[in-house]
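J.: Heads up: the protein sequence lines correspond to chains F and Z, in order. The first sequence begins at 282 in my numbering and counts up one residue at a time. The second sequence begins at 503 in my numbering and counts up one residue at a time.
Simulated from the structure, these hints should not be mistaken for laboratory data. Please note that a few of the clues may not be correct.
Stated by the list, open to error - Partner residues aside, some chain F positions facing chain Z, computed with beta carbon under 10 Å:
{"id": "1", "residue": "305"}
{"id": "2", "residue": "306"}
{"id": "3", "residue": "309"}
{"id": "4", "residue": "312"}
{"id": "5", "residue": "320"}
{"id": "6", "residue": "324"}
{"id": "7", "residue": "339"}
{"id": "8", "residue": "368"}
Stated by the list, open to error - So the derived label-pair ranges between C-beta atoms look like this:
{"id": "9", "chain 1": "F", "residue 1": "324", "chain 2": "Z", "residue 2": "954", "range": "16 to 24 Å"}
{"id": "10", "chain 1": "Z", "residue 1": "950", "chain 2": "F", "residue 2": "376", "range": "19 to 27 Å"}
{"id": "11", "chain 1": "F", "residue 1": "324", "chain 2": "Z", "residue 2": "950", "range": "29 to 37 Å"}
{"id": "12", "chain 1": "Z", "residue 1": "961", "chain 2": "F", "residue 2": "332", "range": "35 to 43 Å"}
{"id": "13", "chain 1": "F", "residue 1": "307", "chain 2": "Z", "residue 2": "961", "range": "17 to 25 Å"}
As the list claims (entries may be wrong) - Anything over 10 Å on all C-beta distances counts as not near chain Z; from chain F, calculated:
{"id": "14", "residue": "296"}
{"id": "15", "residue": "319"}
{"id": "16", "residue": "321"}
{"id": "17", "residue": "363"}
Every residue, glycine too, gets a C-beta built ideally from N, C-alpha and C.
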Amino acid sequence: MSFVPGQPVTAVVQRIEIQKLRQGDKLILGFSIGGGIDQDPGQNPFSEDKTDKGIYVTRISPGGPADVANLRMGDKIMQVNGWDMTMVTHDQARKKLTKQKEDVVRLLITRKSLEETVSQSKGKNPKPCTYANEKQNLNDVMYTNNVR
Amino acid sequence: MEDDNWGETTTAITGTSEHSLSQEDIVRITKDLEDSVGLDCRRYFTRAVAVILGLLVFLTPLAFLTLPHILWPEKLQSCGTACEGLFISVAFKLLILLLAVWALYFRPARAGLPRVFVFRVLLAVLVFLLVVSYWLFYSVRILDSQDTNYQGVVQYAVSLVDALLFIHYLAVVLLELRQLQPCYSVCVTRSTDGATRHYNLGQLSIQRAALAVVENYYSDFPIHNPALLSASKSRAAKHLAGLKVYNVDGPGNNTSAGLVQSQSRAMIAAAARRRDTSHNELYYEEAEHERRVRKRKARLVVAVEEAFTHIKRMQDEEQKKAPGDVMDPREAAQAIFPSMARALQKYLRTTKQQHCHSMESIQQHLAFCITNNMTPKAFLESFLTPGPSLQYSRDHWRARQWTLVSEASVTSGLKDGTTFLLKCVDFSLVATSKKIPYIQMSEEYIDPKSHKFVLRLQSETSV
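Using the sequences provided together with the hints, build the complete structure.
T.: Structure, rendered in structure tokens:
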């Protein structure tokens, strides 16, 4: 998940769809985020690379919508409803997640275990997998993003 | 047990009185005479030369001015206004020269150095040559030809005085100013106990640097106390005395050099094998000694504080009222001294300082402290820490006679790595000089507005 500035970022991502829950007059997702380009990346306990300023999931409220949708603590959020989350400020990320007019958020998240699973499966199956096969097997997607 | 060889080894002195002299004594006496006469001779000689030179310097311009009036007064042109103005100039410059020479040269001599002071000799020679050349010119061009232009003569005298003032300026720069800029750092160590100090000196000759070191020694180094060194000497003696070497093969077998070598090798080997517990003894002895010193010090401090509470300074108004039992500082000191005397004496004995302080000096010090309103702690400070040599009474400056031992000539300048030794009766000071490095300094400008800070954020938001 470490990136080289100027080069496209490549990661193995998983698509997660969360239905927002109505609580009072607010729609909530049931997790907390940390990180952002205006934050201090060295204090992020979940990132591998301590210069990574991406948005990470820091807490999941048990039984909440995120927990139900299999979001895990330590996941890095790459996209929210198509909006990029790798180079945003903390507040921008919060706004993209808490739009009151949307009741569904589709996240692209990445975690270390995904990469390992992909590399393991590649090793077991010597025949090169096509993109479509992979998609069926693991519900994973190769994600590229041009990083400024 | 009688030693059988006693008769052969004693020297018999026949027909003796206490006043008989041996050959060595005579040689020694003549050498001493030569030395003392030599030294005195040199001092008087230098003084005589200085006086003669001084008289020459001051009387020459006056002679230049008055000789034409004496020798050919009728032919001389009268002195106009400009010429008389020059008289004033000569007078004041001579006065300034007189004061300057008095300030620079007429100071009590600090020390007697082994060799002459090279710069002074050079300057004296320069002055002498200058005056002689002026006299030569004067006698040839003015006296012989009996020049009638008196103004020219006066201007000539003024130029001589100017030249003398410039030589005096040169003297100030060479003798006083040149060595002010620190150039070398001299590290001085005392040979007996290793006390070390560092001094910054300028470009001096070795003998002047040695003089500076000795002068600083008297005020910086703690006093030399031979009683403190006896412990290490006794330990060293014990090491040597531990083993005796016996030659089993009988005398005359080996040559003397071989015998000594084999003996020392045997001693070293035996000493290495023997289990030496002297380090243990040293440790416990030092711990015990420290405990004893601290105990005595505590008793001393309490006794002195109590003694000081017995007297009180009388105010002026009280002085008129209370008539009886008024004491001056000396009597007050004598009154309170007995109560602290025993504790003080015991403390001095434990720290082996008892020969540094006499009863009289202690009472004097006490009177001094009482007069100046010092606290008991201030009074005790001179006993608790050994001070510099100047602090103690005159007997302890026994070392007034120092010998400079140096491999390089003592009039050569200090260089990086010069070493010299200053020996006196009890100990010696080892001095090493090192050059102060050339410092290259660069600047960095910081705009005062450039000091900016940010908070290290770490926020967590729940969505």
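J.: Determine for every hint whether it applies to the structure shown.
T.: Each hint tested on the structure:
1. Violation of the interface hint for residue 305(F) is found here, the shortest Cβ-Cβ separation to chain Z being roughly 14 Å, above the 10 Å cut-off.
2. For residue 306(F), the suggested interface contact is broken, since its CB lies about 16 Å from the closest CB of chain Z, more than 10 Å.
3. A hinted interface residue such as residue 309(F) counts as satisfied when its beta carbon comes closer than 10 Å to some beta carbon of chain Z; here the least separation is about 7 Å, so the hint holds.
4. A cut of 10 Å between beta carbons decides the hint on residue 312(F): the least distance to chain Z is about 7 Å, and the hint holds.
5. For residue 320(F), the suggested interface contact is upheld, since its CB lies about 5 Å from the closest CB of chain Z, less than 10 Å.
6. Checking residue 324(F) against chain Z by beta carbon gives a least distance of about 5 Å; that is within 10 Å, so the hint holds.
7. Annotation: interface hint on residue 339(F) holds; nearest CB of chain Z at approximately 5 Å, less than 10 Å.
8. Because the beta carbon of residue 368(F) sits about 16 Å from the nearest beta carbon in chain Z, more than 10 Å, this interface hint is broken.
9. Checked against the hint of 16 to 24 Å, the C-beta distance between residue 324(F) and residue 954(Z) comes to roughly 21 Å, which is consistent with it.
10. A C-beta distance of roughly 39 Å is found between residue 950(Z) and residue 376(F), which places it outside the suggested range of 19 to 27 Å.
11. Distance hint check for residue 324(F) and residue 950(Z): the Cβ-Cβ separation is about 31 Å, which falls inside the suggested range of 29 to 37 Å.
12. Residue 961(Z) and residue 332(F) have their C-beta atoms about 18 Å apart, which leaves the hinted 35 to 43 Å range violated.
13. Between residue 307(F) and residue 961(Z) the beta carbons are some 19 Å apart, a value that agrees with the proposed interval 17 to 25 Å.
14. Chain Z leaves residue 296(F) outside its interface by the beta-carbon criterion, the shortest separation being 18 Å against a cut-off of 10 Å.
15. Under the 10 Å C-beta cut-off, the non-interface status given to residue 319(F) relative to chain Z is violated; the minimum distance is some 6 Å.
16. Listed as a non-interface residue, residue 321(F) fails to keep its Cβ farther than 10 Å from every Cβ of chain Z; the least gap is roughly 4 Å.
17. Every C-beta of chain Z lies more than 10 Å from that of residue 363(F), the closest at about 17 Å, which supports listing it as non-interface.
Of the hints listed earlier, those the structure fails to meet are numbers 1, 2, 8, 10, 12, 15, 16, in rising order.
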